[in-house]
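All chains should be built: construct the whole structure from the sequences, respecting the hints.
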Amino acid sequence: MEETKLSMYQLYKEMLNDYLQHKSEHVLYSAQQLSKEMLEKDMSPEEMVSLHISVFKEMVEDLPEEVVDSFELLLEVMIGYGLAHREFMSLRDRQRQLDSELNVAAQMQESLLPHEEINLKTLDFGVISVPSGKMSGDYYHYIQDENGNMGVAVADVIGKGVPAAMCMSMIKYAMDSLPEQRLQPAALLESLNRVVERNIADDMFITMVYGSYDPKKHNFYYASAGHEPGFFYNADTDTFEELETKGLVLGITPKVHYEEFSLSLEPGDFVVLLSDGVTEGRTEGEFIERDDITKLIRKYKHLPAQDIVNQVFRELEKMQDFHLRDDFTLLILRRNV
Amino acid sequence: MNLKVDVQEEGHSRVVYLNGEVDVYTASTLKEKLIPLAEETNKTLAVDLSNVNYIDSTGLGIFIGALKCTDKSGSTLKIRGANARVKRLFEITGLSEVIEIDTEQREEA
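For the record, the sequence lines run as chains A and B. Just so it is clear: in the first sequence, position 306 is 306 by the working numbering, and no numbers are missing. Just so it is clear: in the second sequence, position 90 is 90 by the working numbering, and no numbers are missing.
In case anyone wonders, no lab produced these hints; they're calculated from the structure. For clarity, every value in this text was computed on a predicted model and none was experimentally measured. Beta carbons are placed, not taken as given, at the ideal position from N, Cα and C, and that holds for glycine. Hints may be right or wrong, so weigh each one.
Quick list of the computed label-pair ranges, beta carbon to beta carbon [what the hints assert, rightly or not]:
1. B:Thr44 x A:Gln306: 48 to 56 angstroms
2. B:Lys78 x A:Glu110: 40 to 48 angstroms
3. A:Ile79 x B:Asn19: 42 to 50 angstroms
Following this line, the structure appears as structure tokens:
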């Protein structure tokens, strides 16, 4: 440290001397470089002023007393700046620490989502979920049972960021604890609602849609707890229909009965489930309408389901200037044969 | 975007007039005003949304919090004047089944 101070002293002395003699631009530039170096070495503004006084005193003999005194005053003033700088440094360190904690949490959250590949001749499946920040309040789920039935879910926790993400993990664990009811949409939502209602703040809620596909009967059964309605694409008529939904969001009252709906899928028909981040997105104050979503899906419907959701996300992200206002989840399940 | 909250006594009910957007930024303003009113016993609390164009899910959460409060305090919560977009939000979430929503006040902004 003493050595650094000594070399800094020398360096500054040469620089000042050079400047006083030639007043050149390049010395000013070196001074700027020096200040960066000093910031890295945690040198405070008052230390800098103090360095300036000692160098200057050595260079100019019989420096007027007023000049020396004025620098002493400047030094006192700089102490305030020094404190502010140190506070900034400590906040920056804390920010880095929080960031790294948040990154670990985001990785943990990512691990709560299913990662198995779905390889089914009868079904084409694709899902994408992107948080607007680091943590997501959206949740999706898919599972295949031993009979080849497939269960899918999209849930959306109110708000975003860490509180929403914590709520989202509750949904995941609650679903894991209800294995016997999997693939029965209405019963599953009713059980989940009881868990959520007991564990959630008064002004929080979760919306969720759960569906299950029976590949033998080609039926898609679903129930919704106040969730943004998805779409049914009819390949024969080449039209999108809004999924009929009815049902209260999770977490309001313990006893809620959910209605179950069913759709019959022909080859090429598909079901689209989404979170309201998809439709609540805005472009320059204008809402992205549900029609815009179906237009985009139609544009890419010749692609495999995973490519459709990826492409739709890419276009919507572009429409919002790459700033998602809300977490985004889009899921497509298509009957192949 | 700001939210203006005005409370008026109208006959036997309290009417909360909102003006602006009820979203993640303004939700706390609304919560501070609305929840104490919802905690009062045996009153009718009406929220007028004639001058609200947009409610996001955080905003909706405040109405749910108020609903839970009025259920406890024996009061009644009503919503009126909602535009089509806002009304749709209450319908999708099933809240229109548990909160009285009067839409006669206005059709579309």
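Q.
I want to verify a distance hint. Is the separation of the beta carbons of B:Thr44 and A:Gln306 within 48 to 56 angstroms?
A. holds, 52 angstroms
Q: Could you say whether the range 40 to 48 angstroms given as a hint is met by the Cβ separation of B:Lys78 and A:Glu110?
A: holds, 43 angstroms
Q | Status of the given 42 to 50 angstroms range, CB of B:Asn19 versus CB of A:Ile79 | A | holds, 49 angstroms
Of the numbered hints stated above, none is contradicted by the structure.
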